[in-house]
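Q: Read off the chains here:
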Amino acid sequence: MADLTQLSLLEAFHGLRRGDFSAEALARACLERIQALDDRVHAFLTLTPELALEQARSADRSIQAWRRSPDAPLPPLMGIPLAIKDVLCLEGVPTTCGSRILEGFRPPYTATSVERLLQAGAIALGKTNTDEFAMGSSTENSAYGPTHNPWDLARVPGGSSGGSAAAVAARMCPAALGTDTGGSVRQPASFCGLTGLKTSYGRVSRYGLIAYGSSLDTVGALARSAQDLLPIFLTMAGYDPLDSTSLPEPLPEVSLEGISLKGWKIGVPKEYFIEGMQEDVESAIRAAVSVFEAQGAEILEISLAHTDLALPVYYLIAPAEASANLARYDGIRFGPRLEGQDLLEQYLLTRGQLFGPEVKRRIMLGTYALSAGYYDAYYGQAQKVRTLIRQDFEQAFEQVDLIACPVAPTTAFRIGEHGDDPLSMYLEDVFTLPANLAGVPGMAFPVGFDRNGLPIGMQLNAPHLAEARLFQATHAYQSVTDWHRRQPELSREDPA
Amino acid sequence: MALSIEEVCHIAALARLSLTPEEERRYAEQLSAILEYAARLRNVDTSGIPPTASVLRVNAPLRPDEPRPSPPRERILQNAPQSEEGMFRVPPVLD
Chain A
1 MADLTQLSLL EAFHGLRRGD FSAEALARAC LERIQALDDR VHAFLTLTPE LALEQARSAD
61 RSIQAWRRSP DAPLPPLMGI PLAIKDVLCL EGVPTTCGSR ILEGFRPPYT ATSVERLLQA
121 GAIALGKTNT DEFAMGSSTE NSAYGPTHNP WDLARVPGGS SGGSAAAVAA RMCPAALGTD
181 TGGSVRQPAS FCGLTGLKTS YGRVSRYGLI AYGSSLDTVG ALARSAQDLL PIFLTMAGYD
241 PLDSTSLPEP LPEVSLEGIS LKGWKIGVPK EYFIEGMQED VESAIRAAVS VFEAQGAEIL
301 EISLAHTDLA LPVYYLIAPA EASANLARYD GIRFGPRLEG QDLLEQYLLT RGQLFGPEVK
361 RRIMLGTYAL SAGYYDAYYG QAQKVRTLIR QDFEQAFEQV DLIACPVAPT TAFRIGEHGD
421 DPLSMYLEDV FTLPANLAGV PGMAFPVGFD RNGLPIGMQL NAPHLAEARL FQATHAYQSV
481 TDWHRRQPEL SREDPA
Chain B
1001 MALSIEEVCH IAALARLSLT PEEERRYAEQ LSAILEYAAR LRNVDTSGIP PTASVLRVNA
1061 PLRPDEPRPS PPRERILQNA PQSEEGMFRV PPVLD
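Sequence lines, in order, name chains A and B. Under the working numbering, the first sequence is numbered contiguously, ending at residue 496. Under the working numbering, the second sequence is numbered contiguously, ending at residue 1095.
Derived from the structure by calculation, the hints contain no laboratory data. Just so you know, even glycine gets a beta-carbon here, dropped at the ideal spot from N, CA and C. The reader is advised that the hints may include incorrect statements.
To be verified - In silico SDA-like links for lysine to any residue, alpha-carbon gap of 25 Å or less:
no., chain 1, residue 1, chain 2, residue 2
1, A, LYS265, A, VAL480
2, A, LYS384, B, ASP1045
3, A, LYS384, B, ASN1059
4, A, LYS384, A, LEU427
As the list claims (entries may be wrong) - Residues from chain B shown here face chain A by an in silico Cβ test under 7 Å; the list is partial:
no., residue
5, ALA1015
6, SER1054
7, LEU1094
Unchecked claim - Some, not all, of what chain B presents toward chain A, calculated at C-beta under 8 Å:
no., residue
8, VAL1044
9, PRO1071
10, MET1087
11, VAL1093
Could you put the whole structure together from the sequences, leaning on the hints where they help?
A: Written out as structure tokens, the structure is:
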């Protein structure tokens, strides 16, 4: 039954529809593969096999009922197994955010994004590893140990949605949910040879997404192709009254049939091609841009003038928001409590000992940036420069339909490579941060491999709420290339 | 723009984080490096530029003030480190 895990999301869906196999068999195949590989990959923090099989049996009943009277199309995620990043709440199932401070926490509710997928018949296999509170670019900041890249187990899968990326790359599941606050879906997608969607801010409800940076956080997904991502996006996106930043705008109609890129204008920002970028990354991106050109798109050089300011802006705004969002972890209402002589000592010990170093660094950075005497110079100024970065995108999109650029300056680096140098890790994010600051959507997809056989990703950015363009252009690219079909040796291992 | 150990201790106290002496030193160094990098924003001319608090145009939409059922108390207390008689048990707040 191992071959069921080789199926893409769409292939699995068609197989279920035709009755080639049951949802239960598919879920079992995924769980077997996880069992066989996860001691080496460490993609998952919690597995939910009983829940998954129960959901699969329910999906099988729905599919059988549908086959008896197929008056409407079968919902596109019926019976499809998914992995869920451990910053998203799933009622009753341990949710840790990769942190000790939430060890044992079982949410009393399910995130809207997850709930919608489950209502549509998707199967929850378990919760995937993440950098602590989604703060990181490698999944090395997880308090529960790093995740290993299936393409090379000595390397990181990227972060912070590294567990989700590794699970899909290792063919443990056809798709997984992630979140992207500074690049945390796009960069792991790039490092693991996957297609990853960062949604427009406000497009997918953040209810049940444990908050890191509330003006930046987005829920997204990773899969093997734009085609596979589309039903996940359309099912989970849309207005949610439980999220006050959720947008009422209707979802786009997205057809992937007969796409032509003739007349599409794609901008390539000159500021993204910097010194220090890995050589084969740059050449793979340029080759991919030529593919778009060959398909009829017009390529224009554009300027996003404030690109080099995105990093300092992000590393003031995100920590500032995090310092407020993480104030709730105090050992009072949830999570472990480390007792002291008095209430103050309880706070100091619980937080001081149960938060990891990166989280503490960002809380302190944020506290400083917001503190009396420094607020205007740091946080206030960062908010104004954020406006300039937003305007860069708005102006660019007056000239072009899409922006094409690298996802990361490098391919997957070795576990431990950045040592204890936080700034050098932050520099991994330079190409992904701007989209979060501007609130625009982005899709990362594989465009080649480096000399070590590691995947290289590229991203497309579209205007706010223009995800349809991302799906269409990426699908057009994936129709004439096969980088997205390549998979690591590990993923082909037969668990039997 | 180096942060002194005293400043780091002050920030940590504000954020209710206990630090070991080794952590105080390490974070002073690391935070100083990051803030040094962030200081390049100081030279950017932002006169007349409004701050972005949210990328959305409409903020804080309102809804009618209609009461709705709350989640059951037992469910909320399920994760409590200590609870008693339907309440969270905490150390004394007032002397």
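Q: Going back to the hint list, which numbers does this structure go against?
A: Per hint list: 7, 10 violated.
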